[in-house]
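Residue numbers (the working numbering), protein chains in the order written: chain C, 11 to 364; chain E, 11 to 364.
Hints were generated in silico from the structure; no laboratory data involved.
Please note that the accuracy of each hint is not assured.
Claimed, not checked - Pair ranges (Cβ atoms, derived):
(1) E305/C with P52/E: 29 to 37 angstroms
(2) E90/C with R194/E: 35 to 43 angstroms
(3) A107/C with G103/E: 22 to 30 angstroms
(4) P334/E with G354/C: 48 to 56 angstroms
(5) D190/C with G166/E: 36 to 44 angstroms
(6) R48/E with N170/C: 15 to 23 angstroms
(7) A107/C with G288/E: 29 to 37 angstroms
(8) P182/C with V105/E: 54 to 62 angstroms
Stated by the list, open to error - Per the computed footprint, the stretches of chain C lying under chain E, defined by three or more beta-carbons under 8 angstroms from a beta-carbon of chain E, are:
(9) 251–264
(10) 275–281
Even glycine gets a Cβ: it sits at the ideal position worked out from N, Cα and C.
Take a look at the letters that make up each chain.
Number of protein chains: 2
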Amino acid sequence: MSRSERFLRACRGEAADCTPVWFMRQAGRYMKAYQEIRARYPLMEMFRTPGLAAEITLQPVRAFSIDAAIIFADILLPLEGMGIGFEFVESRGPVIARPVRSAADIEALRVADPEEDLGYVLEAVRNVRAEIDGKVPLIGFAGAPFTLAGYAIEGGGSPNHLLTKRVMYEQPEAWDLLMDKIVRTLVPFLKAQVRAGAQAVQLFDSWVGCLDPSDYARYVAPHTRRIFRELRAEAIVSIHFGTGTAGLLPFMAEAGGDVLGVDWRLPLGEAWRKAGPGVHIQGNLDPAALLAPREVLVRKAVEVLDSAAGRPGHIFNLGHGILPGTPEDSVRALADLVHERSAGLSRTQPSAAT
Amino acid sequence: MSRSERFLRACRGEAADCTPVWFMRQAGRYMKAYQEIRARYPLMEMFRTPGLAAEITLQPVRAFSIDAAIIFADILLPLEGMGIGFEFVESRGPVIARPVRSAADIEALRVADPEEDLGYVLEAVRNVRAEIDGKVPLIGFAGAPFTLAGYAIEGGGSPNHLLTKRVMYEQPEAWDLLMDKIVRTLVPFLKAQVRAGAQAVQLFDSWVGCLDPSDYARYVAPHTRRIFRELRAEAIVSIHFGTGTAGLLPFMAEAGGDVLGVDWRLPLGEAWRKAGPGVHIQGNLDPAALLAPREVLVRKAVEVLDSAAGRPGHIFNLGHGILPGTPEDSVRALADLVHERSAGLSRTQPSAAT
């Protein structure tokens, strides 16, 4: 089996010759090749220049034995076309100049158009696909409705998403309208990424773990579910990712996604039980392990593989993005280790035989 | 049954006339009476002046129908006597001037003496107990070893505790020494609070949820377990609290505590199953609910009570501390609601009959 098939087979729960592996934020600031580009361009210009975004997407595919590429972009890009401008401020992350908090703010938002507002992402997807077709599959992505609404309301990152929860609790109709506009932005954008060449899409609900299960089921799941239904209707392979979601997994699984992405806070076996039948699992090494001494990295990676026990439908990943300062050598060693160790596991698992 | 008995009965898993309720950070900045004191004194002076700390401890006991007092102090206070100075910086929280990161830094630390270094807390405990004896029980507390080590190493709050994890992974002997010195500081301090009049103690492992279960079991549990063993040997009632701990609960329960404090990210029934037999549960309303419209607060509080189903051994609390800006009226209404609704629940549960 070639490197091109492992990832998509695992997304369908099919056995592969070994466990596929890719890393969230695999294209980015820990790589020397990336830093050379970053030194010459502002971040937003890198996203908006398809040639640069494609080159950055390809850097980790060339450097490491990973089984998928993910387009170099940002989860927040869809907000701009909705009328929610932002910039990336050094050491603070994204900052939204005019946060969206009132019903009037929300009513004034547009639904973004994928070609007009996000055509540069689609062009980068086309460039990358032309380059890697047949080698490794390409993943498109966007932020999930809750996480995008959270940034829009808080004006940036937040420790507790209190303003976001207040909009949910105090202005439920305005909240639903905001989520609806985000959904109507995301569905065409994700489909357009697939038309442009992405073979799977990941929805990042990075901050949804601040919610209790009841609020998730009431205020988030109905909106997120619409996206996954639309994707499934077109047989688009999808990954549904969040962090701090131990209590939310049954509801996230019900909302949709062929694969649930989980963080390191829950053993994989438990994640599988909570996700229920027919859902596959991506994760879940703590990104801090990549900054640990090699023997600690190996021990922790093997623990993740052992907890998946060679089960088909496991995609090895981190529980969140690669951290700045991560040594490239550790990323390389981890990708190789996953392949070597899991090939052994698969051979001993009759149920995983290809 | 009087207000004085509910809390301690629940800590032992015994039925009570209704579910006891108290709130983390119930004494603090959301109260007008507190703000009047705060306007006149720096925060550290308030902790160090037993008369002020006692008065602040009593304010919510007078204002609301809560079933326990908790001494006004800070989880970090034990660090100072170890040689780790800090100050509270407006809008940033605690800042440690010289973070502890090398083996030499850790070797230089002292073990604090409860009477010499923390006598002001003990004096405040004595003052409060004299005032409320027979009315409501008094809870003493401290930060747990991991959370204190995290502050000491990071130099303050941290989004991912990466420096802390690096000490764990790269310098495991230094890590164990740091944890050992914290344990030898905490055990006498917690026992001294009980000798001074506290009828239970809570260990706040507020940030332990950043760890995966394997790291928790390896680097944290052996140290935390020593504390709970020492408390149990003296029949001291103890609460073991953390946030984001869905995956850690079985290990936290094994490390000890009569009661596990859990946050809102996991339904109470699931927390009970994970904690195993003989462990009681405190929690778990999202503190954001106290800033919601009354009908949302009521719905969410009832969901928490329903998920406990009148089971003996439930202590109603938030999943983390009361947030600034919380209306006092909401706190009052919540305490009353817990008593009224749970009295109804208990009556329908034969197993909960007193």
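| task | Check each numbered hint against the structure and report the violated ones by number, ascending. | result | Hint check: 1, 2, 7, 8 fail, others pass.
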